[in-house]
Structure formats: structure tokens, C-alpha cells
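**Student:** Sequence:
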Amino acid sequence: GGAPGPVNNRNGQLYFPDYLSAKTARPIIYYCPSNVESGDSFQIKVHDAFQIVRVTATKPGVNSHSRSCDSRWLDLNFRIIDKNTLSVQAENNNIMIGGLWMFNLID
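Residue numbers (this note's numbering): 3 to 109.
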């Protein structure tokens, strides 16, 4: 149950994993295009491209009856152009379907 309902549960949890602490440096994205077409190559400007080991794309799912049928996580091919620039290849529209995606850089 939740609020409102037969049980008034207003409790919750906030989870802060260690890698999100202020003591840990995270990759800084200076520029990423707001629109990317499926299959296109695009550039991301970062603080230090040589630290990046993985580029991913996450599509949030659409939940219905506690089931998410549309969430996706993709590893994207990328290459380092210079100290501050990554060239990333988006998947084709059979894999990277239309909608909102979030790009993630992992160091």
C-alpha cells in the first residue's frame, strides 16, 4: 500500500553508492548533442577523453503492471579523437529505437 490507501506508508530509502560521493572524481561532459539520429556518429566533449573506457546509452522503460518492456542498455562503439573529444557511433534504428536516451560515460 501507499499513500493514499488502506495503509499509509510514507517511508522510503535514498541510496548513495560510494562512487557518487563528493570524494570521487567523475567524468565531466562539456558537450553532448541534444538530438542524435539512429546510426549516426556524433561527438562528446569531455574533461579527459583518455579516462573513458566505456560509453553506454540507457533508455528508460515504460512500466505497466510492474513490468518494463521497453528499458534498454546499450554499449556504444567509440574512439578518442583528442584529449577532450570522443567520437561515438549510435546503433541503427532496429536496436536504438526512437525515444529518449541517456548517454553514460564510464571511467
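If you are wondering where the hints come from, they were derived from the structure by calculation, not from laboratory data.
Careful: at least some of the hints might be erroneous.
[What the hints assert, rightly or not] Mimicking DSBU-like on lysine-lysine, the simulated pairs with C-alpha atoms at most 35 Å apart in a straight line are: (1) K85 / K47; (2) K61 / K85; (3) K61 / K47.
**Student:** Going back to the hint list, which numbers does this structure go against?
**Tutor:** none
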